Amino acid sequence: EDQVTQSPEALRLQEGESSSLNCSYTVSGLRGLFWYRQDPGKGPEFLFTLYSAGEEKEKERLKATLTKKESFLHITAPKPEDSATYLCAVEYGSGNTGKLIFGQGTTLQVKP
Amino acid sequence: DTEVTQTPKHLVMGMTNKKSLKCEQHMGHRAMYWYKQKAKKPPELMFVYSYEKLSINESVPSRFSPECPNSSLLNLHLHALQPEDSALYLCASSQGWGEKLFFGSGTQLSVL
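Chains as they are written, first to last, in this note's numbering: chain A, 78 to 189; chain B, 22 to 133.
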């Protein structure tokens, strides 16, 4: 069964305490893996797209990596404003339109 | 302009009402989407329009009726909804299928 699983469900960090969020997937024909950030009551905001194993992308305190089975979102020295829900989404399949599955998300709280 | 604008931001309706949600983008994106998101859950795909034609309907009940009047506008017509339809309704757009999604802030819908 095609599946995307994020862990942990919730993460509490002290400001400056680095950590990683995990997104593992079992799909046939990965076409792309997306990371989004969502603040309460708002739509998700795009962070990164990764297409192939070994690929890495960075933006400020965030770094996303991809292997054949999972992706990590590393947060270095987080600040309270990094508090949000982080969603990964996997696009897979063949043909002109693939399928897109969102993971359940990891809710991050960074305390000052 | 990299915004997707949704109106209204909040909507309360009775089960016999008819209402419409509106979405607009001026990024020249050819794919537009409706998602439904319940609290603490990931977005669930409802409909996809590609080049103004409905390309995906994820078995959504007929009380939800999408419409794409032109390449910049997307509507979702609501009729005879149930209380369990209460959710955040998100519109998104992208250059094409498989590209990153730009989400609006959503319409928070309550059905009484």
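Be careful, since some hints might not be right.
[Unchecked claim] Restricting the straight-line Cα-Cα distance to at most 16 Å, the calculated cross-link-like pairs of lysine to aspartate or glutamate (EDC-like) are:
#1 Lys62/B to Glu86/A
#2 Lys176/A to Glu65/B
#3 Lys62/B to Glu105/B
#4 Lys176/A to Glu132/A
#5 Lys176/A to Glu120/B
#6 Lys61/B to Asp116/A
#7 Lys119/A to Asp159/A
#8 Lys59/B to Asp116/A
#9 Lys146/A to Glu132/A
#10 Lys121/B to Glu122/A
#11 Lys119/A to Glu24/B
#12 Lys43/B to Glu73/B
#13 Lys188/A to Asp159/A
#14 Lys61/B to Glu86/A
#15 Lys176/A to Glu79/B
Treat the hints as calculated values from the structure; they're not laboratory data. Quick caveat, the model's predicted, so the values are computed rather than measured.
Cross-check of the supplied hints:
1. Lys62/B to Glu86/A: Distance ~11 Å between lysine 62/B and glutamate 86/A Cα, so the pair holds.
2. Lys176/A to Glu65/B: holds (12 Å)
3. Lys62/B to Glu105/B: holds (14 Å)
4. Lys176/A to Glu132/A: Measuring from Cα to Cα gives roughly 21 Å; hence the hint is violated.
5. Lys176/A to Glu120/B: holds (12 Å)
6. Lys61/B to Asp116/A: Roughly 11 Å between the alpha carbons, so the hint for lysine 61/B and aspartate 116/A holds.
7. Lys119/A to Asp159/A: This hinted pair holds, its Cα atoms lying about 15 Å apart.
8. Lys59/B to Asp116/A: Between lysine 59/B and aspartate 116/A the Cα gap is close to 14 Å, so the pair holds against 16 Å.
9. Lys146/A to Glu132/A: holds (13 Å)
10. Lys121/B to Glu122/A: The given pair, whose Cα atoms are some 10 Å apart, holds under the 16 Å limit.
11. Lys119/A to Glu24/B: Measuring from Cα to Cα gives roughly 13 Å; hence the hint holds.
12. Lys43/B to Glu73/B: Holds, at roughly 15 Å.
13. Lys188/A to Asp159/A: holds (10 Å)
14. Lys61/B to Glu86/A: holds (10 Å)
15. Lys176/A to Glu79/B: The given pair, whose Cα atoms are some 11 Å apart, holds under the 16 Å limit.
Violated hints amount to a single one, hint 4; each of the other numbered hints is respected by the structure.
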